[in-house]
Amino acid sequence: MKKSIKSLMFIASLMLLVILVAACGQGDEDELVVYSSRNERFVQPLLDKFSEETGITVRTLHEADALQLKEETGNVQADIFISNDIGALEYLRMEALLASFDGEGVETIEAPYRADDNSWIAISARSRGFIYNKDMITEEEMPKTMEALMDEEFEGQFAITRGGNGGMIGNVSALRNEWGDEMTAEWIEAIKDNAAGIYSGHGDIRQAVGAGEHPFGLVNNYYYHQQLEEPTNNNVGFIYPDQGEGEMGVIANAAGVGLVNGAPNEEDAKAFIEWLLLPENQLEFVGESLEIPINTDLEPPYEHAVKFADLKVQQMPLKDLGKYFEDTKELIEQSGLDLELR
Amino acid sequence: MSEDHQNHHQSNNDKNVKAGEDTSLAVLRFLRRKWMDSWHGNPPGKVLFLFGLLTGLIMSIPIIYVIWQSLFAGIDRWRRLLDDRIPQLLLDTFSLTAAVTLCAVLIGVTLSWIVVRTDIPGRKIWQWLLALPLVIPPYVGAMTYIIVFGPSGWVKNAWREVPWLVNMFDEYPINIYSFWGVFFVLTMFTYPYVFLIASASLRKMNRNFEEIARSQGMNTRQIFWKVNLPFLRPAIGAGAILIALYVLSDFGVIAMMRYVTFTAAIYFQRASFDTASASILSLVLMLLTIIILWIEVKTRKKSKYYQTSNTFKEPNVLSLGKWKIPTLIYVCIIFFVSVVLPIIVLVYWSVIGIGRGALDARFFGFAWNSLRISLFASLLCMVLSMPIIYLKSRYPSVISSSIDRLSYAGYALPGVIVALGMIFVFNNHLPALYNTFYMVAIALVIRFLPQAMQAGEASLSLVSPRIDEAARSLGHPPWKVMFKVILPSILPGVLAGGALVFVSSIKELPATLMLRPPGFDTLAVRVYVEANESFYYLAAPAALIIILISIIPLRYLLKKY
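Protein chains in written order, with this note's numbering: chain X, 1 to 342; chain Z, 1 to 561.
One chain only, chain Z, in its complex shape:
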């Protein structure tokens, strides 16, 4: 009996072992099938896949690291911040974001309406003149407005000379370092996003709908509210979200004008080396960003408006009549405030600066730093974006679209968070690269890779997958196909993406400021440093150069919308 039992036991054991082998095989087979299924039976080559995966991971690691740090920052610190700091920051950040978004949308939509649909003199020229504020980085705009309206600015000095003003209003009443100052500057330099998107969609609007509405007895105002506005809603939504995300992530304007939102708070916590608190604030800011992105996805799904294209008729141009002069004044004021005045200020101080020898060897050193870091970052972006977009378009699967999404992490989130994560990762795990040129370059890649991806994707979608298949059938592995066959045909798109990254890198402030190695200041960093010390004659030439370079991709941007 006992023997029997043992025997039984033994065989049972054997069976278990066998079953174990079987299950591991089965698991393998299962995984294999899952793997094939997820690629729809067409997995990419290993080289290509690993390259893409690695890029996706590099793009997201710093951010994951920040989240990790914040989770282990300690309950006490969390409680202290949640009690004191975070409610105030939420209020300040939220009120600024809401106010700027609202006002920028209002300005952007009205301007696009005026330019596209009315007979305002010089319509064609206004179309691109009003997009020009895009080339002025908002922190440069902030500097110019501090020069004009600040506590020792032009207006204040003029104010003192005018007795009736002093008698009537007493002291100089404008405080540029306030909510309203920040609000004004951010609105003036972000409205073009809405303007461009809304103009594009107004131009596509079919006249038939309006004519039908009119035949039903509606007047222009009713048509605007009932027909035009619903069509514009997606464009307004997209523009509003761009602006809200920008306000959440902006560091330069906010720091220079001494308003504190999450980005500035994170920067200052980091500057006093309270890194744990900085990562807690970062986590909250990430959540805010995600909420806004989520709203975007939601609204996009809900609101679908279809334009019929086969009977498309260009929208007619409305006559302004007696409103011509007031409208023209409105457009001119916006243009003056957001383009002319800042440029006048910058040119004025640049002339003084050049007179005082601001363009010395040091200055050219900064320019050279800006140039080489931006070139390097844009080249890296062009190379790294290829596998990701190629995977996504030729091997669509859950995995390739996850890689694609991971790559957007640094683009969607504010630069201060990216920089914070980079410091953690490099100081602790990559000491050889810490505090080098390459650390800054990688940060720029993390921030701007999706710009290269979007431009490349647009070109890639025009190349037939048949070409790839032909090349594959001749025996090339996928990565070779990508570089030898596909790349040459989508080169213009890739280069355009590279140019976008280049310009963004030249303008980039927060990550460069936090990560720059000793002796490696860029033009953007110098603008920030000199402006904070009120050495405007040194800041202005650097700012002007940044603006001149930013004009390069403007044509591309205007075409895109």
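So here's chain X without its partners, still in its complex pose:
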């Protein structure tokens, strides 16, 4: 009997300990809550660096969706939203879910790459294009426009991502702006039928193309840089589409950071953005992704990257992507390209 009372006491104290332990870390004052939809590999080192330099604890939710911020409108959790898609950031701003920012360092980013009230700021840019395997297809044989992917000629020749991939959504939004919904829907349907492989992410595509499983694939340009850095399977090239006379220019998008409206840790959030705008941290944001920094004073981490100034880029201002954010997914799904792999 005595023994069991003892063990009861032991359990009670253990429970108390667990509750205490569970509780600590919750009420921590100096912390920052980050929601991120950008690849964890690129974001985590940046946030670790911030924690280390400032002593502010960062709690991160990776693979977060912009719509979660909307759901939590009455009960705001996040301070910062990091996104791969300017459309998502501008959408949040239009919904009044982001707050304006006027801290230091804003002017290092050109105006077209910021919200009007600086509630979001883009740090690194990417463009869409075709990575191809030089052993399988020559530059001349490659399609030179987005529209060309609809041709029967390329049936079974290339790989795309699933419809819910952020890069694909931005791509479709830009086409809607250029072509209108009807033709965009046709394009989606056609590339879905023509594609030989539909992958979860662009990383799978670059590896598959590098390994010779497909002649080419529709990706963001920095995946080409990443594949060139691989020790093997790196005989790849890249086409920036729609560069010709009268063509629309390459589709661009950017990754950036937004300040959440009503952020519980607003001071820390602002401190984070100012810290991020320091040149060395802008480079850290680009990180292993090998994207191109938007700040033109910075050396791109991938030195052979084609500068945006040397490309013909689509006319549409990036922030216009926000107008299409809400129903682009629906259009993609209706056109028969599944958002998730199944």
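No wet-lab data here; the hints were simulated from the structure.
Take these hints with a grain of salt, some might be off.
Said to hold, decoys possible - The calculated DSBU-like cross-link candidates involving lysine-lysine, where the alpha carbons are at most 30 Å apart (straight line), are:
| no. | chain 1 | residue 1 | chain 2 | residue 2 |
| --- | --- | --- | --- | --- |
| 1 | Z | K156 | X | K192 |
| 2 | Z | K226 | Z | K298 |
| 3 | Z | K46 | Z | K480 |
| 4 | Z | K156 | X | K134 |
As the list claims (entries may be wrong) - Some chain Z residues close to chain X (C-beta under 8 Å, calculated; not the full set):
| no. | residue |
| --- | --- |
| 5 | A73 |
| 6 | S272 |
| 7 | F273 |
| 8 | F424 |
| 9 | N427 |
Heads up, the beta-carbon is just placed ideally off N, CA and C, and yes, glycines get one too.
Using the hints provided, position chain Z relative to the given structure of chain X.
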């Protein structure tokens, strides 16, 4: 006349008032009597009752909320889903459930027959070796098979090196991301349920029946079909239902291997914040689960087979003869595929991972998160299960058994549905707890409380109610009796229940994945995330730790059956 009338009216009114008082009193009295009747004249103390009732309600509220949401999702949405989505999902879910159940039952029954009734070498060791897949969470199993057979897996790479294979079959023919891939993995990691239950019932089988059958001139095969199989039917039924329920609720394997059943569809609808559609799909999945549970109740009632215990003779062991080698090969293949190969893969990648520094501070942070959330959930379960099982066993009534049943809601239903309900409830009504450690812990309690209840109940049934009565007669209220007198004597059972909850919580994937607050990833979540990104060297060490912890209650599980 008019005065008279008024008078009459007046008195009538008075009478009405009086009657009203009388009826309200009568209603009260009636309710009181009903209340006493329902407890058979022995109602529990208020504290105990309220505590139990509250627990029962907490257990079921999220699910009620999901049902509520789905009913108000709008006719258009219902129609769209009923037209496009639901028929396909029903077909995919049903075909997978049927195929896995059938095959797992087949494997489980044959293995248990071989191990219990034949002279296969190493019988005693096989008995627990073949139950080992239970410690490997199926989503970990899925990861290992993606590593081996996936599009950039070991087999494919080997395939390319072998010219005659390429010549004969051309391209690598296996697509692991398919019905057959999911089917294979789920079967391999769920058959032990049938194996354990069927072994237990084979061991209890009385030899007398077989001897009589043999004396009537039946051969072994006829005896199997006419005598053994009918005796095994309840065990097969119970195992089949466990497996069917598991397949319906599994999220990890299905999501990782890119097959879409209801759970995955609910998860992805939720991930794109179409919550209304997610709750509609949840309602359909709930109905499916209820149908299976209903089948279970039906078949259990219909088929009663009695074993006579007073003349029990142990079943004899059959000699395999020339079948010894083929049987041994069969058993070894199953064991290799469901235990050895996955462990080899995990150890291989863990070694690489440790070499690349996967065991960093971050990793230990995840392990610590897993540990503290599981500890907290198991302690909560131990405390909360007590009043419910105490009420049920000492104060049996419609009310206490309803509370008991309510507590099973989250256990029987898939984790994605529980999580969906939790998000609704906490974001709208409990903002202070939303997105915290506690929200995840409560979800785990809702999912696993019945495990603690079952273990506690088993011990409680061994304690005589006389002890309670003695304590009550000395003036303790029921809740005090429960904690001071009963708890110490059933502590081992409660702790065993706590251990079960602990292990289930460590392995839990869907609810944790959907509810985790920012910065709170557990080992199970990391296995899922890293494996989906093909960072196997980061996923493997976490998976191995989960498996090592899962071995703890294996002894208990083996004893139970």
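Verification of the supplied hints:
1. Between K156 of chain Z and K192 of chain X the CA atoms are separated by roughly 26 Å; this keeps the pair inside 30 Å, and the hint holds.
2. Restraint check: the Cα-Cα separation between K226 of chain Z and K298 of chain Z comes to about 22 Å, which is no more than 30 Å; the hinted pair holds.
3. For the suggested pair K46 of chain Z and K480 of chain Z, the alpha carbons sit about 12 Å apart, so the restraint of at most 30 Å is met.
4. Between K156 of chain Z and K134 of chain X, the direct Cα distance comes to roughly 23 Å. Compliance with the 30 Å bound is thereby established for this hinted pair.
5. Of the supplied interface hints, the one on A73 of chain Z is violated, with its beta-carbon coming no nearer than about 16 Å to a beta-carbon of chain X, more than 8 Å.
6. The closest approach between the C-beta of S272 of chain Z and any C-beta of chain X is roughly 7 Å, which is under the 8 Å cut-off, so the hint is satisfied.
7. With a least beta-carbon distance of about 4 Å to chain X, the hint placing F273 of chain Z at the interface is held under the 8 Å criterion.
8. Proximity of F424 of chain Z to chain X is violated relative to the hint, the smallest CB-CB distance being about 10 Å (cut-off 8 Å).
9. For N427 of chain Z, the interface hint holds, since its Cβ comes within 8 Å of a Cβ in chain X; the closest pair sits about 6 Å apart.
Violated hints, listed in ascending order, are 5 and 8; each of the other numbered hints is respected by the structure.
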